[in-house]
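K.L.:
Protein chains in written order, with the numbering used here: chain D, 1 to 114; chain L, 1 to 111.
Heads up, a few of these hints could be off.
Stated by the list, open to error - Keeping only pairs whose Cα atoms sit at most 20 Å apart, straight-line, the calculated DMTMM-like set for lysine to aspartate or glutamate is: (1) L:K42 <-> L:E81; (2) L:K57 <-> L:D82; (3) L:K68 <-> L:D82; (4) D:K44 <-> D:D26; (5) L:K59 <-> D:D56; (6) L:K57 <-> L:E70; (7) D:K14 <-> D:E79; (8) L:K98 <-> D:D26; (9) D:K14 <-> D:E102; (10) L:K42 <-> D:D56; (11) D:K44 <-> L:E56; (12) L:K59 <-> L:D39; (13) L:K98 <-> D:E59; (14) L:K63 <-> L:E45; (15) L:K98 <-> L:E70; (16) L:K59 <-> L:E81; (17) L:K63 <-> D:E102; (18) D:K44 <-> L:E81; (19) L:K57 <-> L:E45; (20) L:K69 <-> D:D26; (21) L:K68 <-> L:E56; (22) D:K44 <-> L:D39; (23) L:K98 <-> D:E102; (24) D:K14 <-> D:D38; (25) D:K9 <-> D:D26; (26) D:K9 <-> D:E107; (27) L:K57 <-> D:D38; (28) L:K98 <-> L:E45; (29) D:K9 <-> L:D39; (30) L:K79 <-> L:D39; (31) L:K68 <-> D:E107; (32) L:K69 <-> L:E55; (33) L:K63 <-> L:E81; (34) L:K42 <-> L:E70; (35) L:K42 <-> D:E79; (36) L:K98 <-> D:E79; (37) D:K9 <-> L:E45.
What the hints assert, rightly or not - Pair by pair, the computed Cβ-Cβ distance ranges are: (38) D:T86 <-> L:K42: 18 to 24 Å; (39) D:T5 <-> L:T26: 33 to 39 Å; (40) L:T26 <-> D:T86: 35 to 41 Å.
None of these hints come from the bench; they were simulated from the model. Treat the numbers as computed from the prediction; the structure is a model and nothing was measured. Built from N, CA and C at the ideal position, the CB exists for glycine as well.
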Amino acid sequence: NAGVTQTPKFRILKIGQSMTLQCAQDMNHNYMYWYRQDPGMGLKLIYYSVGAGITDKGEVPNGYNVSRSTTEDFPLRLELAAPSQTSVYFCASSTSGINTGELFFGEGSRLTVL
Amino acid sequence: EDQVTQSPEALRLQEGESSSLNCSYTVSGLRGLFWYRQDPGKGPEFLFTLYSAGEEKEKERLKATLTKKESFLHITAPKPEDSATYLCAVRWGTGFQKLVFGTGTRLLVSP
């Protein structure tokens with residue numbers, strides 16, 4: 001049982017490049033989330049999904065896109081990378097959403113945009 | 001304005017030296033307060049959920065309590081393996097799947 005798997009763990013991008021952060025969970029969770037964590041700041045919600053085919057914006061969605069074609073996968077697309085997108089990105093999943101707060105997080109993807 | 005504030009930012013304890021971490025919040029209509037542990041280079045790990053003032057939850061050396069303005073994470077006789085950053089998050093309102101996270105308290109327990 002792998003839980004939540006994120007790839008890649010590290011990536012350096014040049015300004016203007018695009019990339020996709022992958023997230024997969026094997027717990028059959030309906031709810032999935034993308035957060036970013038910056039030094040001295042709390043985790044910020046980028047996008048979330050309450051089930052396959054359903055996504056919605058969080059607090060800081062600009063510059064990102066998501067899709068959810070299967071229950072297991074929730075990729076995060078960065079278009080035209082900017083230095084402000086330098087951050088650690090965490091994917092999380094849950095059976096009941098934030099009602100219980102019991103989110104299962106991946107180990108993170110550290111992205112640097114130069 | 002900050003809606004969730006954690007203090008202290010960092011705390012160094014000797015093994016066995018009990019202490020408390022604080023999470024204060026200013027949101028109204030709290031629908032849940034959550035504690036997580038985050039080890040360096042890892043994602044947060046869920047610890048506790050508290051829903052109403054007076055509620056307490058325990059797990060090993062950790063006990064979380066909740067009042068109408070704040071939550072405490074009490075650490076009794078900590079061990080070096082308790083060293084981590086402890087995050088709290090709150091949920092309020094309806095519908096939107098949003099948690100507001102604090103910036104965390106970095107705990108270091110020395111042997």
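K.L.:
Work down the list of hints and note, for each, if the structure agrees.
P.N.:
Quick rundown of the hints versus the structure:
1. L:K42 <-> L:E81: 15 Å, holds
2. L:K57 <-> L:D82: Holds, at roughly 17 Å.
3. L:K68 <-> L:D82: 27 Å, violated
4. D:K44 <-> D:D26: Given pair K44 (chain D), D26 (chain D) is violated - Cα atoms ~24 Å apart, limit 20 Å.
5. L:K59 <-> D:D56: 34 Å, violated
6. L:K57 <-> L:E70: 15 Å, holds
7. D:K14 <-> D:E79: Distance ~12 Å between K14 (chain D) and E79 (chain D) Cα, so the pair holds.
8. L:K98 <-> D:D26: With a Cα-Cα distance of about 23 Å, the restraint between K98 (chain L) and D26 (chain D) is violated, given a limit of 20 Å.
9. D:K14 <-> D:E102: 35 Å, violated
10. L:K42 <-> D:D56: 25 Å, violated
11. D:K44 <-> L:E56: At roughly 27 Å apart (the allowed maximum being 20 Å), E56 (chain L) and K44 (chain D) break the hint.
12. L:K59 <-> L:D39: Answer holds: K59 (chain L) to D39 (chain L) is near 17 Å, not above 20 Å.
13. L:K98 <-> D:E59: The given pair, whose Cα atoms are some 8 Å apart, holds under the 20 Å limit.
14. L:K63 <-> L:E45: Given pair K63 (chain L), E45 (chain L) holds - Cα atoms ~16 Å apart, limit 20 Å.
15. L:K98 <-> L:E70: 19 Å, holds
16. L:K59 <-> L:E81: Judged against 20 Å, a Cα distance of about 14 Å means the pair holds.
17. L:K63 <-> D:E102: Distance of about 17 Å is within 20 Å: holds.
18. D:K44 <-> L:E81: It is violated: about 27 Å lies between the C-alpha atoms, which goes past 20 Å.
19. L:K57 <-> L:E45: Holds, at roughly 16 Å.
20. L:K69 <-> D:D26: This hinted pair is violated, its Cα atoms lying about 37 Å apart.
21. L:K68 <-> L:E56: 13 Å, holds
22. D:K44 <-> L:D39: The given pair, whose Cα atoms are some 18 Å apart, holds under the 20 Å limit.
23. L:K98 <-> D:E102: Judged against 20 Å, a Cα distance of about 13 Å means the pair holds.
24. D:K14 <-> D:D38: 19 Å, holds
25. D:K9 <-> D:D26: 18 Å, holds
26. D:K9 <-> D:E107: Roughly 8 Å between the alpha carbons, so the hint for K9 (chain D) and E107 (chain D) holds.
27. L:K57 <-> D:D38: Judged against 20 Å, a Cα distance of about 29 Å means the pair is violated.
28. L:K98 <-> L:E45: It holds: about 17 Å lies between the C-alpha atoms, which stays within 20 Å.
29. D:K9 <-> L:D39: 16 Å, holds
30. L:K79 <-> L:D39: Given pair K79 (chain L), D39 (chain L) holds - Cα atoms ~15 Å apart, limit 20 Å.
31. L:K68 <-> D:E107: 33 Å, violated
32. L:K69 <-> L:E55: Within the cut-off at roughly 13 Å; holds.
33. L:K63 <-> L:E81: 16 Å, holds
34. L:K42 <-> L:E70: Roughly 26 Å between the alpha carbons, so the hint for K42 (chain L) and E70 (chain L) is violated.
35. L:K42 <-> D:E79: With a Cα-Cα distance of about 25 Å, the restraint between K42 (chain L) and E79 (chain D) is violated, given a limit of 20 Å.
36. L:K98 <-> D:E79: The given pair, whose Cα atoms are some 24 Å apart, is violated under the 20 Å limit.
37. D:K9 <-> L:E45: 18 Å, holds
38. D:T86 <-> L:K42: 18 to 24 Å: Once the Cβ atoms are compared, 19 Å apart, the range 18 to 24 Å for K42 (chain L) and T86 (chain D) holds.
39. D:T5 <-> L:T26: 33 to 39 Å: 36 Å, holds
40. L:T26 <-> D:T86: 35 to 41 Å: 29 Å, violated
Hints 3, 4, 5, 8, 9, 10, 11, 18, 20, 27, 31, 34, 35, 36, 40, counting from the list given before, are not met by this structure.
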